[in-house]
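Chemist: Chains as they are written, first to last, in this note's numbering: chain A, 1 to 294; chain F, 1 to 412.
No wet-lab data here; the hints were simulated from the structure.
Please read all numbers here as calculations on a predicted model, not as lab measurements.
Some hints here could point you the wrong way.
Unchecked claim - Among the chain A residues that face chain F by a calculated CB cut under 10 Å, a handful are:
#	residue
1	44
2	60
3	129
4	134
5	244
6	247
7	256
Using N, Cα and C, we set each Cβ at its ideal position, and we do this for glycine too.
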Amino acid sequence: MKTRRRMNVATYVALFPAFIVVVFAYLGTMLWTVQISFTESKLLPTFAFSGLRQYERLFATSRWSISLENMVIFGIGLIAVCLVLGFLLAAALDQKIRFENTFRTIFLYPYAMSFIVTGLAWQWILNPTLGLQQYVRNLGWTDFQFDWIIRNDRAIYVVIIAGVWQASGLVMALMLSGLRGIDQELWKAAKIDGIPTWRVYFNIIIPMLRPTIITSVVLLSLAVVRVYDLVLALTGGGPGISTDVPAKFILDYLFGRANIGLATAASSILLVIVLVIITPWLYYEYFRPKRERR
Amino acid sequence: MTKALFGAAAMVALMAGPALAQEPLKLEVFHWWTSGGEAAAVQEFAKEFDAAGGQWVDTAIGGSGSTARPIGINRIIGGDPPGAMQFNTGTQIDELAAQGLLRNLDDVAAKEGWKEALPPAFYEAIVRDGHVMAAPVNNHGQNWLWYNKALLEKNGIAEPTTWDEFFAAADKLKAAGVIPVAVGGQPWQLNLMFNSILLGEGGKDLYMKVYKDLDPAAVTSPEFKKVAETFGKLRDYSDPGNANRDWNVATGMVISGKAGFQFMGDWAKGEFVLANQVAGKDFGCILGPGEKNFVMGGDVFIFPKLKDEQGTKAQDLLATVFMSKDAQVKFNAKKGSVPVRLDVDNSQLDACAKIGVEVLQDPAKQIPATDILASQDVVQSLQDVVGEYWATPTMTADEFVGKWNDTVAQAK
């Protein structure tokens, strides 16, 4: 009993610095940001309160609604395609193929690159006068058209393509380790029962991979909320403002446009979105099973 | 700080003859000029400052002003200001001046006759509440139209002076299989192009009403609509690869003869020069087409209040050097801009800069850049509108006008 209490004290002492960091660095700056968003701050933060004016302007600005919309499209696209592709790659690698290590490295390699490099590379690949389209045309298919990057109704899907190219390797690695953690006896039993392989995957393996899938979704959604450099390098938010994302909107207004008030209002909205959508879901996923087990 | 002083003292001791009783006036200069040509240009200022008895301590932040400015502003607010810091000419310095963080340079400016030497709009741009708050260093023309001379000659095209002639020339180039206009489809570049048309076709008065007075009636006028339509028409004369293209890549297309024209500021000249092309011989430059005006933008240095007297003295010296005729010519010849003083010897400048200086002699043609006329918030939010219009061929000129006025009303 005595030992246990001492352990507890030691734990709290060890956690104390982290606690201080959370309170001051996270909560403190969050509150400060929200507070500034109700002011008329331009280049320098001031505390002359102006009510909801910044929020009124924010939601009257089409660039902001476009960025939010883009975040949703990008998020759904990136997460869905990455999960499917990552799972297929992992399942393929799990078939005890030769050169597995080589393939694993190749698939995971894009993830080691920064978004800036990914964006620039794909900008060249997709540029209709330099890249893929011109290449195929030079091969003889002169009508070939793939110019999504310059079409303002399609450009956001180009961002998804580049994002998937980079992130699906990570999902593959996570899924692969998940698959490796599954007891081989299960496969043997299924084989004896004569269950087709695809049914084993759908009805047994995928449900068992649930924690892995959740981890992947959490990691990907974090990438979605803070996506900035990929868009900057790939499209610069263009054509026009059609591929803008919230992070770019915030940084543009914070620094280039010297409007701290509007930028903090946008950050506060982003914070609310994260709190409203992601937190309940995380809570549900992580805490509910624990209670059931009791 | 003490260490630095000891260092300076030690240096003086080393160099010392009895004549060198006074130590050099050390000053940290904060700027973002890091590209090849820019670094060479800023070196000219450093040399002049050191020769005049100062000691230039260089703090260069790579990237653009939007990277460097917040760093410098944080240092000023945090109480560790650099001795001098670069800003773009215009409204960027408003708040720092209003908060009393900057020194005024009234004495230096009066002694050196800045008011008489500067274009009036530039003098106004450095004055806040009757005090001179910054030292301007250069004048970048923003509304140039560059063209490939050989390409135009080959196709029998004379330098266009009106917009009709321009589109006739562009049609000829298109027929010859050349991209008529090299466009970089980034909002700031598109905005520069739009402003060129506004000044050339719409004229100076419309430009001033739109940007200085932020007058909604001017924006809904038929003249402004015509400008918007002309701008929209240019979409058909650019190539599909223009999306997010960097300005220097677009300039490269003109240099290599892939494209005929480019709307860009005079920093494009650096690219031509780097490719061993000569102004007036290999490439040409036009202010216009249409009404001939010179859009003046540029850089200024501000001097934050310092605690030590030596630093303040060094600031006075640096401000004097920045505006001296000699340093102005040497610096601007390398920077590609024109001297901010109108009374210097221009014989060293190239053919295009000479055209610029000539136009600048007429005060009516000295047009302040949008950064000087309106806040960054207004100017850059309007960039979004122009960029959106360019990328959306289905958007009508009327919709564009409506969006413009809404944006101004919100950002004002």
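Chemist: If you test the structure against every hint from before, which numbers come out violated?
Modeler: Per hint list: single violation, 6.
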